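A.B. asks: If you want the building blocks of each chain, they are given just below.
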Amino acid sequence: MSTAQFDSIFLGLSGVAGKLRIAQSGLGWKSSDEKESVTTVPSSDIKWIQWIRVARNYQLRIGTPKTRITFDGFLKDDFERLQNLCKQYYNTTIESKEVSVRGWNWGIAEVQSQDMAFLVAGKPTFTIPLSQVLNTSITKAEVALEFSSALPPPPADSTEDAIARKKRLRTLPDEVSELRLYIPGSARGMKKKGDKAKIKAEGGDV
Amino acid sequence: GGKGRGEKQWRRFESYQRENQLPDGVSGQKIMVDNRRSTLILPINGFAVPFHINTLKSAIKQEEGEHTVLRFMFTTPGAITGKKEDTPFEDPSATFIRGITYRSTDSFRFAELHKEINDLKKAAVKRENERKELAD
Numbered sequence: 001m002s003t004a005q006f007d008s009i010f011l012g013l014s015g016v017a018g019k020l021r022i023a024q025s026g027l028g029w030k031s032s033d034e035k036e037s038v039t040t041v042p043s044s045d046i047k048w049i050q051w052i053r054v055a056r057n058y059q060l061r062i063g064t065p066k067t068r069i070t071f072d073g074f075l076k077d078d079f080e081r082l083q084n085l086c087k088q089y090y091n092t093t094i095e096s097k098e099v100s101v102r103g104w105n106w107g108i109a110e111v112q113s114q115d116m117a118f119l120v121a122g123k124p125t126f127t128i129p130l131s132q133v134l135n136t137s138i139t140k141a142e143v144a145l146e147f148s149s150a151l152p153p154p155p156a157d158s159t160e161d162a163i164a165r166k167k168r169l170r171t172l173p174d175e176v177s178e179l180r181l182y183i184p185g186s187a188r189g190m191k192k193k194g195d196k197a198k199i200k201a202e203g204g205d206v
Numbered sequence: 001g002g003k004g005r006g007e008k009q010w011r012r013f014e015s016y017q018r019e020n021q022l023p024d025g026v027s028g029q030k031i032m033v034d035n036r037r038s039t040l041i042l043p044i045n046g047f048a049v050p051f052h053i054n055t056l057k058s059a060i061k062q063e064e065g066e067h068t069v070l071r072f073m074f075t076t077p078g079a080i081t082g083k084k085e086d087t088p089f090e091d092p093s094a095t096f097i098r099g100i101t102y103r104s105t106d107s108f109r110f111a112e113l114h115k116e117i118n119d120l121k122k123a124a125v126k127r128e129n130e131r132k133e134l135a136d
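Those protein sequence lines, which keep their order, are chains A and B. Heads up, the first sequence is in our numbering, so the first residue is 1 and it goes up one at a time. Heads up, the second sequence is in our numbering, so the first residue is 1 and it goes up one at a time.
Next up, chain B with everything else stripped away, as it sits in the complex (with noise of 0.2 Å):
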C-alpha cells in the first residue's frame, strides 16, 4: 500500500525528448496545450518552454481591471501544501521554478485556456488515482 511508512519512488515523465517534437503552433508564442503529451507549453522570451502537467500544481485566473492573469504554480519541495509532505522529488535540492504569471487583454482566450490546462490536469490526477488504485 502507497500509504505505508516505505519511502515513496519518484516516477519519471517527460514532455518530449527532441526538440523537433514541439507542436508546430509554438511559433505563435501563446500558451498551448499539448493534450497528447500531457504538457503545456509557455512562451518565455522567444523560447517555447514545455511543462509536463506533472510539475503542475494549480493555474489560477484573475481579473485585474483591463487585464486577466493567469498564474501558474508548479509543484516545488517546502511549499505547505495541508497535508503531509511526502512528494517525491528527483533532485530536492535544485531551483525550482514555482510560479509563472502572463497578463493578457484577451480575456476570452484566457478563459479557454484556463479550463483547457485545468481539464488536462483534472485527468492526470485521476490516471494517477487509478494507477495508485491498481498498484494497491
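Chain A with its partners taken away, still in its complex shape (with noise of 0.2 Å):
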C-alpha cells in the first residue's frame, strides 16, 4: 500500500508547517525546518482519531496511550481521504466533532481525559491541556486558571535582531495566560458553608 502525504500542515501550536505522512506503519510528521526531528506515531499507538474545527482549518487529534497529538492545517475536503485512509490502514473510524460558534460566553466546564473542555449548547468551543495549568484559585464562586506557555521560547543563543524577533513574533498565537470562570452552583455551596468558611478565614488559612 502507498503513502499518502499532506503539506502544510502544523504539529500541535507549532508555527512551522511540515509534511504528514500517512502509511501503513504509522504516521509520520516533518518540519520544514531542516533542525527539527520527524515526529512519527506508530500504528498499533492510534487508540483513536478526532477531526474538530481549529483556528488553522481542521485539526485531526490522534488519542495514544500516552497523550493525544494533534495536527492542524487540514482542508475541509482533505476529511473524505484521511477517513478512507484511517479505515484502510489503521481500521479507525474518525470520529468528527462538531464545535459551537455560537459566541456566548456560558455552557460547562468539563475535564475530558489530559484536557479541560468548555462546551456550549453541548459542543466544544475549546479545550485546553491540563498540563498547562500553572494554579488555580478559587474565591467565592469564581475559579481562576493561570496558564504557563505552551509556545517556544526566543532562541537561546540571543543573536536574534530586531527584525528577525519582530518576524518570529508574528508567527506565534496569541496566548491566554488567565482564564477565570464563574460557578454559580459553588456560589450556592459557599452560602451554606458561610460561616464555616468565615471561622476558617480568621484562623487565618486561606
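Because the hints were derived from the structure by calculation, they are not lab data. Among the hints, erroneous ones may be present.
[What the hints assert, rightly or not] In silico DSS-like cross-links for lysine-lysine, where the CA-CA straight-line distance does not exceed 30 Å:
id : chain 1 : residue 1 : chain 2 : residue 2
1  : A       : Lys35     : B       : Lys30
2  : A       : Lys87     : A       : Lys76
3  : A       : Lys30     : A       : Lys87
4  : B       : Lys30     : B       : Lys121
5  : A       : Lys87     : A       : Lys97
6  : A       : Lys19     : B       : Lys30
7  : A       : Lys66     : A       : Lys19
8  : A       : Lys167    : B       : Lys115
9  : A       : Lys87     : A       : Lys19
10 : A       : Lys167    : A       : Lys76
11 : B       : Lys57     : B       : Lys122
12 : A       : Lys140    : B       : Lys8
13 : B       : Lys61     : A       : Lys166
14 : A       : Lys166    : A       : Lys35
15 : A       : Lys123    : B       : Lys8
16 : B       : Lys57     : A       : Lys140
17 : B       : Lys30     : A       : Lys167
18 : B       : Lys30     : B       : Lys57
19 : B       : Lys30     : A       : Lys123
20 : B       : Lys57     : A       : Lys123
21 : A       : Lys19     : A       : Lys97
22 : B       : Lys115    : B       : Lys57
23 : B       : Lys61     : A       : Lys167
24 : B       : Lys132    : B       : Lys121
25 : A       : Lys87     : A       : Lys66
26 : A       : Lys30     : B       : Lys30
27 : A       : Lys97     : A       : Lys66
28 : B       : Lys30     : A       : Lys166
29 : B       : Lys121    : A       : Lys123
30 : A       : Lys140    : B       : Lys121
31 : A       : Lys97     : B       : Lys30
32 : B       : Lys30     : A       : Lys76
33 : B       : Lys57     : B       : Lys132
34 : A       : Lys166    : B       : Lys115
35 : A       : Lys97     : A       : Lys30
36 : B       : Lys61     : A       : Lys140
[To be verified] Some chain A residues well away from chain B (every beta-carbon gap over 12 Å; in silico):
id : residue
37 : Lys19
38 : Arg21
39 : Glu34
40 : Ser37
Being a predicted model, the structure only gives us computed values, none of them experimental. C-beta atoms are modelled at their ideal positions from N, C-alpha and C, and glycine is treated no differently.
With the hints as a guide, bring the two chains together.
C.D. replies: This is how it looks when you write it as C-alpha cells:
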C-alpha cells in the first residue's frame, strides 16, 4: 500500500508547517525546518482519531496510550481521503466533532482526560491541556486558572536581531495567560458553608 | 416601559450558525474582530473561539513591564455592577467564562485591538439603547 502525504500541516501549536505522511506502519510528520527531528506515531499506538474545526482550519486529534497528538491545517475536503486512509490502514473511524461558534460565554466546563473542555450548547468551543495549568485559585464562585506558555522560547543564543524577533513573534499565536470561570453552583455551596468559611478565614487559613 | 416590574426577557443572539462562517483571518491565531458579526474571536489553544459583543462587559488594557495585557471581562450573573442586577441570562445556572487575559510584547497591535473592540462595544450599546427607546 502506498503512502499518502499532506502538505502545510502543523504539529501542535508549532508555527512552522511540515509534511504529514500516512502509511500502514503509522504517521510521520517532518517540519520544513531541517533542524527539527521527525515526529512519528506507530500505527499500534493509534487509539482513536478525531476531526475538529480549529483556527488553522481542521485538526486531526490522535489519542495514543501516553498522550494526545494534534495536527492542524487540514482542509475540509481532506476529510474523506483521511477517513478512507484511517479505515484502511488503522481500522479506525475518524470521529467528526462539531464545535460551537455561537459566541456565547456560558456552558459547561468539563475535564476530558488530559484536557479541560468548555462546551456551549453541548458542543466544545475549545479544549486546553490541564498540564498547562500553572496555578488555580478559588474565590467565592470564581475559579481562576493561570496558564504556562506552550510556545517555543526565543533562541537561546540571543543572536536574534529586532527584525528576526518581529518576524518570529508574527508567526506565534496570541496566548491566554489567565482564564476565570464563574460557577454559580459553587456560590450556593459557599453560602451554605458561609459560617465555616468565615471561621476558617479568621483563623488565617486561606 | 422597560423600567417596570415586569421580568426582562433574555434576547437571543448568535455569532455564527456554522463553523465555515468563521473568517479566514482566524488562521493567524491572533485576537481579531469581526465587525459584521459583532464578534471578537479569541485564539485559545489553537481554537478560534467567538465571543459575541453582547457577552463582553469590558476590555481593559494595562502595561506590565515589557508586556501589554488585554483583559476581557464577560457578563455573568452575580457580578457586582453597582446598579440593580436585572440582566437576564439564558441559563443563570451555567458555568460562565468571566475573564480571559492575554499578554503580548506587541503593544502597538494590542492598543489598536483595544480601540477596535471598545468601538464595537460602544456601537452595540448605542444600538441597544436606541432599540429600548423605540420599544418604550
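A.B. asks: Against this structure, judge whether each hint is valid.
C.D. replies: Do the hints match the structure? See the list:
Taken as a hint, the Lys35 (chain A) and Lys30 (chain B) pair is honoured in the structure, with Cα atoms around 27 Å apart against an allowance of 30 Å. In summary, the hint linking Lys87 (chain A) to Lys76 (chain A) is supported, as the alpha carbons are separated by about 18 Å, within the 30 Å threshold. For the given pair, Lys30 (chain A) sits about 23 Å from Lys87 (chain A) by alpha-carbon distance, which is consistent with the 30 Å threshold. Distance check on the hinted pair: Lys30 (chain B) and Lys121 (chain B) sit about 19 Å apart at the alpha-carbon level, within 30 Å; holds.
Restraint check for Lys87 (chain A) and Lys97 (chain A): the C-alpha separation of about 17 Å stays at or below 30 Å, so the hint holds. Note on Lys19 (chain A) and Lys30 (chain B): the hinted pairing holds, with a Cα-Cα distance of about 24 Å set against a maximum of 30 Å. Taking the CA atoms of Lys66 (chain A) and Lys19 (chain A), the gap is near 23 Å; set against the 30 Å cutoff, the hint holds. Straight-line distance between C-alpha atoms of Lys167 (chain A) and Lys115 (chain B) comes to about 24 Å, which keeps the hinted pair within the 30 Å bound.
At most 30 Å may separate the alpha-carbon atoms for a hinted pair to count; Lys87 (chain A) and Lys19 (chain A) meet this at roughly 21 Å. Proposed proximity of Lys167 (chain A) and Lys76 (chain A) is supported: the alpha carbons are some 29 Å apart, at most 30 Å. For a cut-off of 30 Å, the pair hint linking Lys57 (chain B) to Lys122 (chain B) stands: about 11 Å separates their Cα positions. With a CA separation close to 27 Å, the supplied pair Lys140 (chain A) and Lys8 (chain B) stays within the 30 Å bound.
In summary, the hint linking Lys61 (chain B) to Lys166 (chain A) is supported, as the alpha carbons are separated by about 21 Å, within the 30 Å threshold. The hinted pair formed by Lys166 (chain A) and Lys35 (chain A) meets the criterion: a straight-line CA distance of about 21 Å does not exceed 30 Å. Using a Cα cut-off of 30 Å, the hinted pair Lys123 (chain A) and Lys8 (chain B) holds, with the two alpha carbons roughly 28 Å apart. Simply put, Lys57 (chain B) and Lys140 (chain A) have alpha-carbon atoms about 20 Å apart, close enough for the 30 Å limit, and the pair holds.
Annotation: proposed proximity of Lys30 (chain B) to Lys167 (chain A) holds, straight-line Cα distance about 14 Å (limit 30 Å). Taking the CA atoms of Lys30 (chain B) and Lys57 (chain B), the gap is near 21 Å; set against the 30 Å cutoff, the hint holds. Distance check on the hinted pair: Lys30 (chain B) and Lys123 (chain A) sit about 23 Å apart at the alpha-carbon level, within 30 Å; holds. Only pairs whose Cα atoms come within 30 Å are accepted, and Lys57 (chain B) paired with Lys123 (chain A) is accepted, the gap being roughly 24 Å.
Between Lys19 (chain A) and Lys97 (chain A), the direct Cα distance comes to roughly 24 Å. Compliance with the 30 Å bound is thereby established for this hinted pair. In summary, the hint linking Lys115 (chain B) to Lys57 (chain B) is supported, as the alpha carbons are separated by about 15 Å, within the 30 Å threshold. Distance restraint check for Lys61 (chain B) and Lys167 (chain A): the Cα-Cα separation of roughly 24 Å lies within the 30 Å cut-off, and the hinted pair is therefore satisfied. For the suggested pair Lys132 (chain B) and Lys121 (chain B), the alpha carbons sit about 17 Å apart, so the restraint of at most 30 Å is met.
The straight-line distance between the Cα atoms of Lys87 (chain A) and Lys66 (chain A) is roughly 22 Å, inside the 30 Å bound, and the hint therefore holds. Pair hint Lys30 (chain A) plus Lys30 (chain B) holds up; C-alpha atoms about 25 Å apart against a cutoff of 30 Å. A distance of roughly 22 Å separates the Cα atoms of Lys97 (chain A) and Lys66 (chain A); the hinted pair therefore holds under the 30 Å criterion. Under the criterion of a C-alpha separation no larger than 30 Å, the hint pairing Lys30 (chain B) with Lys166 (chain A) is consistent with the structure, at around 15 Å.
The hinted pair formed by Lys121 (chain B) and Lys123 (chain A) meets the criterion: a straight-line CA distance of about 26 Å does not exceed 30 Å. The hinted pair formed by Lys140 (chain A) and Lys121 (chain B) meets the criterion: a straight-line CA distance of about 28 Å does not exceed 30 Å. Between Lys97 (chain A) and Lys30 (chain B) the CA atoms are separated by roughly 23 Å; this keeps the pair inside 30 Å, and the hint holds. Using a Cα cut-off of 30 Å, the hinted pair Lys30 (chain B) and Lys76 (chain A) holds, with the two alpha carbons roughly 21 Å apart.
Between the alpha carbons of Lys57 (chain B) and Lys132 (chain B) the distance comes to roughly 19 Å, so the proposed pair stays at or under 30 Å and holds. A C-alpha spacing of about 22 Å is found between Lys166 (chain A) and Lys115 (chain B), which places the hinted pair at or below 30 Å, so the restraint holds. A distance of roughly 26 Å separates the Cα atoms of Lys97 (chain A) and Lys30 (chain A); the hinted pair therefore holds under the 30 Å criterion. Only pairs whose Cα atoms come within 30 Å are accepted, and Lys61 (chain B) paired with Lys140 (chain A) is accepted, the gap being roughly 25 Å.
Every CB of chain B lies more than 12 Å from the CB of Lys19 (chain A), the least distance being 18 Å, so the non-interface label holds. The non-interface label for Arg21 (chain A) is consistent with chain B: the shortest C-beta to C-beta separation is roughly 22 Å, beyond 12 Å. With a closest Cβ-Cβ approach of about 24 Å to chain B, Glu34 (chain A) is found to remain outside the 12 Å limit, as its non-interface label requires. With a minimum CB-CB distance of about 22 Å to chain B, Ser37 (chain A) clears the 12 Å threshold, and the non-interface call stands.
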